[in-house]
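Residue numbers (our numbering), protein chains in the order written: chain A, 1 to 335; chain B, 1001 to 1336.
Don't read these hints as lab results, they were simulated from the structure.
Treat the hints loosely; a few may be bogus.
Listing some non-contacts, in silico: residues in chain B with all C-beta distances to chain A over 10 Å [unchecked claim]: (1) Thr1081; (2) Trp1144; (3) Tyr1185.
Across the chosen pairs, the derived CB separations fall in these ranges [what the hints assert, rightly or not]: (4) B:Lys1315 <-> A:Ser116: 50 to 60 Å; (5) B:Glu1304 <-> A:Leu143: 46 to 56 Å; (6) A:Ser256 <-> B:Thr1273: 34 to 44 Å; (7) A:Ala206 <-> B:Gln1136: 32 to 42 Å; (8) A:Pro115 <-> B:Tyr1042: 52 to 62 Å; (9) B:Asp1171 <-> A:Gln322: 18 to 28 Å.
Chain B is faced by these chain A residues, among others (derived, beta-carbon under 10 Å) [unchecked claim]: (10) Pro115; (11) Gly121; (12) Ala133; (13) Ala136; (14) Ala140; (15) Ala162; (16) Ile172; (17) Val320; (18) Thr324; (19) Tyr328; (20) Gln330.
Even for Gly, the Cβ is constructed at its ideal location relative to N, Cα and C.
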Amino acid sequence: MFDENTPYAVRTYAPEVLIKALQKMYLIRKFEEGAEDSYTRGLIHGTMHLSIGQEASAVGACMSLTDDDKITSTHRGHGHCVAKGADLTKMFAEFFGKETGYCKGRGGSMHIADPSKGNLGANGIVGGGLPIAVGAALSAKRLGLDDVTVCFFGDGANNEGAFHEALNMAAIWRLPVVFVCENNKYGMSTSIERSTAVKNIADRAAAYDMPGVTVNGNDFSAVAQAVDRAVTRARKGDGPSLIENLTYRWRGHSKSDRNRYRTKEEIAAWQARDPIVRMGEMLIEHGILDQNGISKIEAAAAATIEAAIAEAKASPDPHVDQATRDVYSQSGAAA
Amino acid sequence: MNAPGVPETRELSYAQAIREAMDIALAEDERVVLMGEDIGVYGGAFQVTGDLVEKYGTERVIDTPISELGGAGVAVGAALTGLRPIFEFQFSDFATLAMEQIVNQAAKLRFMLGGAVSVPVVMRFPAGSGTGAAAQHSQSLEAWLGHVPGLKVVQPSTPEDAKGLLLAALDDPDPVMIFEHKLLYKSKGRVPAGRYATPIGKAAIRREGRDMTIVATSIMVLKALEVAKTLEAEGIDAEVIDLRSIRPIDRNTVLASVRRTGRLICVYEGVKTLGIGAEISAMVAESDAFDFLESPIVRLGGAEAPIPYNPELEKAVVPQIPDILDAARRMANGQV
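Chain A on its own, in the form it takes in the complex (with noise of 0.2 Å):
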């Protein structure tokens, strides 16, 4: 029987649900170690924004979603297209620049999206998906459907215009939306506490009378806790709500960083919080999981990130000849 100390995620998930929430932070955790890799072989070409740290909040906000419930994302953002279901081969051969991808080589690490799963979309722009999240529930609630849009965003984001008129917007028209800002503490190099004025960004939904909450988010149970909460009352009809998921990113913003805006020791004391860590402890001490089926979940995701890469890297290029192909749709060509 579950008590009080019973972590939410136990009391509220079967445990086989549990187990392939693990399996997909893994998968997050590996994909990012293979895109680093296929980065230092040259593979990638551009650069990329790496969320190793930060896999708790990706799936745990994603728990409750159906594949008709929406998503937008931002430049940090493989692991929320994992979270929400995303092919990994796909996934892979946007990265390599191929036909075969995502976006058939046009968009890159950075655009991401995968409609048939509800995602709209990663984001090149900091802040840009916060109105199209705040579309996408207008839609919802005016095409009469109860789909729930989850808007991902960082705490760089919540100093943007766009921020502030989003969270506006969703809160006179109590749209089904849920604002859920992962702080990993810099927006590139510049720290939290250097660029915003309040102690916590979920502070801010107060000034838009929305819900607001700061979670620890390299804990699975707490994001999805929050998170669930929040797309139950949107679903409701009672409006929008403003999570943050305090987490940190293990690698710099980008390839061109060389950390000098933060300390070895911070970075190791974030490593020592590692959100799958946490969650395999959690699912022992609940009897769930043993540490074997654990060590089995991690080599099954390597290998099925290893089997995505090499697939994707046989996959084709696009021609040099389409180029411009997809700026207008077939019916609309434009000189």
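For this one, chain A is given, so just place chain B on it according to the hints.
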């Protein structure tokens, strides 16, 4: 009485024609919503939406807060997920606050996502000078947006086209930006009843002529037609082309006309440098139509200055009828 099959036409103002298009769209398609600042009970800053809110309610004629960036982004997100929003900027100048969503999102989402999505959003921009509203409420920024692949940009000059291009924009799966000159809102013309679409990307020859081609946009079409009338009395036969769409541009109509007339004047209200006239001129210079030119090309565009307040100064910085007339006479006399 109209002959069978010939649509009934009525005399409507440009603003009434746009309102009629929105009324038709709202009536026939539940997915259509209007969004913008003060478009509800106020009726819009230029009374274009008028009383549509009374007919369709505040859920479909949505007053937004003064949040151009967010509002435009909501329209983009809504278009991405099944609605057909028509977003009104109160003044086209305020689009500068929303450039992120227009240029980075609406224009590029389809391409960036490999064709997986469309953004069927329509945005309306009351534009242009002549109202004494000075530099931040009088600009003609259509060439800015015309520079962005992924957008379509139109400038209706008649009530008939204002209605037809708006309905065409709603039928279009891609984002369409409609620049409406504020001084045209009260202009009148015959407008067919019911639903019809004016094709996007097709120019209209408003007056045929043999001696020179005047390519004009928006309100400059009306001025060019006045000029052509005066020139006719002087024995100069000017062809007037209403460009209607600046992205895509109807290259064939322009080049064919220049091949016939051998002379080209471009008239537009936006700033002359790096503007629509530069594009039209280059299009001719890069084509075989260049061989038919009997005179250097002339561009008449906005001055290299913000729009001033004083009415005489305001008129002085955009092409007026005497400016066009003067340029045409000089060209006809070989004085260019």
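For each hint, the structure was consulted:
no.: 1; hint: Thr1081; in the structure: violated (4 Å)
no.: 2; hint: Trp1144; in the structure: holds (16 Å)
no.: 3; hint: Tyr1185; in the structure: holds (27 Å)
no.: 4; hint: B:Lys1315 <-> A:Ser116: 50 to 60 Å; in the structure: holds (56 Å)
no.: 5; hint: B:Glu1304 <-> A:Leu143: 46 to 56 Å; in the structure: holds (48 Å)
no.: 6; hint: A:Ser256 <-> B:Thr1273: 34 to 44 Å; in the structure: holds (36 Å)
no.: 7; hint: A:Ala206 <-> B:Gln1136: 32 to 42 Å; in the structure: holds (33 Å)
no.: 8; hint: A:Pro115 <-> B:Tyr1042: 52 to 62 Å; in the structure: violated (36 Å)
no.: 9; hint: B:Asp1171 <-> A:Gln322: 18 to 28 Å; in the structure: holds (26 Å)
no.: 10; hint: Pro115; in the structure: holds (6 Å)
no.: 11; hint: Gly121; in the structure: holds (6 Å)
no.: 12; hint: Ala133; in the structure: holds (6 Å)
no.: 13; hint: Ala136; in the structure: holds (4 Å)
no.: 14; hint: Ala140; in the structure: holds (7 Å)
no.: 15; hint: Ala162; in the structure: holds (6 Å)
no.: 16; hint: Ile172; in the structure: holds (7 Å)
no.: 17; hint: Val320; in the structure: violated (16 Å)
no.: 18; hint: Thr324; in the structure: holds (8 Å)
no.: 19; hint: Tyr328; in the structure: holds (5 Å)
no.: 20; hint: Gln330; in the structure: holds (9 Å)
Violation of the numbered hints given earlier is confined to hints 1, 8, 17; the remaining hints are satisfied by the structure.
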